[in-house]
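Student: Below, each chain spelled out in residue letters.
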Amino acid sequence: MRRRTFIAAGAASAAALAAPRLAVAAPKGDAGLIYAVADAEWKLLGVVDASLGDSSLSPDHVRLISRIREHEVDHSAALDTFLEALGSEKPRPAAPPGSGLGAIAGHKRAVLAAQRAAARELIDAKLLQSIATMAGCEGQHLVAIERALEA
Amino acid sequence: MVNRRGLLVGAAAAAPAALLTACGGQATESTTPAPVRGSSEVAKQGDQELLAFLIGLEEAAGETVPGVLRGRLKGAPIPPGTAADGEPMLMVAYLDALPKLSNADLRGLALDRLVEHARHEASERDDAIGEAFVPPQGTVA
Numbered sequence: 000m001r002r003r004t005f006i007a008a009g010a011a012s013a014a015a016l017a018a019p020r021l022a023v024a025a026p027k028g029d030a031g032l033i034y035a036v037a038d039a040e041w042k043l044l045g046v047v048d049a050s051l052g053d054s055s056l057s058p059d060h061v062r063l064i065s066r067i068r069e070h071e072v073d074h075s076a077a078l079d080t081f082l083e084a085l086g087s088e089k090p091r092p093a094a095p096p097g098s099g100l101g102a103i104a105g106h107k108r109a110v111l112a113a114q115r116a117a118a119r120e121l122i123d124a125k126l127l128q129s130i131a132t133m134a135g136c137e138g139q140h141l142v143a144i145e146r147a148l149e150a
Numbered sequence: 000m001v002n003r004r005g006l007l008v009g010a011a012a013a014a015p016a017a018l019l020t021a022c023g024g025q026a027t028e029s030t031t032p033a034p035v036r037g038s039s040e041v042a043k044q045g046d047q048e049l050l051a052f053l054i055g056l057e058e059a060a061g062e063t064v065p066g067v068l069r070g071r072l073k074g075a076p077i078p079p080g081t082a083a084d085g086e087p088m089l090m091v092a093y094l095d096a097l098p099k100l101s102n103a104d105l106r107g108l109a110l111d112r113l114v115e116h117a118r119h120e121a122s123e124r125d126d127a128i129g130e131a132f133v134p135p136q137g138t139v140a
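Protein chains in written order, with numbering that gives the first Met the number 0: chain A, 0 to 150; chain W, 0 to 140.
In short, the hints are calculated from the structure, not lab data. Glycine included, every Cβ here is placed at the ideal spot set by N, Cα and C. Relax, there's no trap hidden among the hints.
Chain W is nowhere near these chain A residues, computed Cβ spacing over 10 Å in every case:
| no. | residue |
| --- | --- |
| 1 | S57 |
| 2 | H60 |
| 3 | S75 |
| 4 | A76 |
| 5 | E83 |
| 6 | E88 |
| 7 | P90 |
| 8 | A93 |
Residues of chain W clear of chain A, computed beta-carbon distances all greater than 12 Å:
| no. | residue |
| --- | --- |
| 9 | I54 |
| 10 | A60 |
| 11 | G61 |
| 12 | V64 |
| 13 | L68 |
| 14 | G74 |
Here are some of the chain A residues that sit facing chain W, going by a computed Cβ distance under 10 Å:
| no. | residue |
| --- | --- |
| 15 | G135 |
| 16 | C136 |
| 17 | I144 |
| 18 | E145 |
Let's have the full structure, built from the sequences with the hints guiding it.
Tutor: This is the structure we're talking about:
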């Protein structure tokens, strides 16, 4: 199963699972936790986009950032789907300052921190596993970034 | 007593067949209910058994379990792990285990291990970012 298919399937199943539960016991805590992850993810995406417009970056770094962006767009879309299913607003924070792989790595660590905080408390098992999957992906991105910065 | 099969089978609705096979189990053989969440003795016991299971898998794969995680094990026997597929197997094991852990601190530590194994797996590839973290056969249906 390709990664995008995996994420999309996770998002779809979480939406299907979460929506009917709202009438019974609205997982308010889950919505707040996912909102925090999404907020960090959108900030990361803002820095990624700013980096792609930074003419001082090397072509190799731009190529890597472009690939990272594809994954982050998938993550953001999945998180939006989760929040929609939970009846929550979607965060759209202003893009923070900064660009380049170092700045992206910093925001990735912030996303990981939000994911870890969510993983501690999330009630919905599918949401938890989706967030954990994204966390694994962020960890792998960081390996690629660290490798590129050392090159 | 929750056995390894039960832990895996109950963890995710679509636990990968390869994982079950590698651990010597089949989905239809387990009738043991999953540990309940919360602070009850049942939940604590479930966490301990799951933690012992994960440590057994790590050791079978030749991994060094961080002291911060091992230190949370309070006497539960570590079953001999049979996992030999390395990082992907361990990532899926932690992914499956996360929703079954009732203790928030243990969940945080489990996520740390999942991310660490994902990092190790990526560093073994030339293209670290490639197809980032896809559990075999997909765990989240």
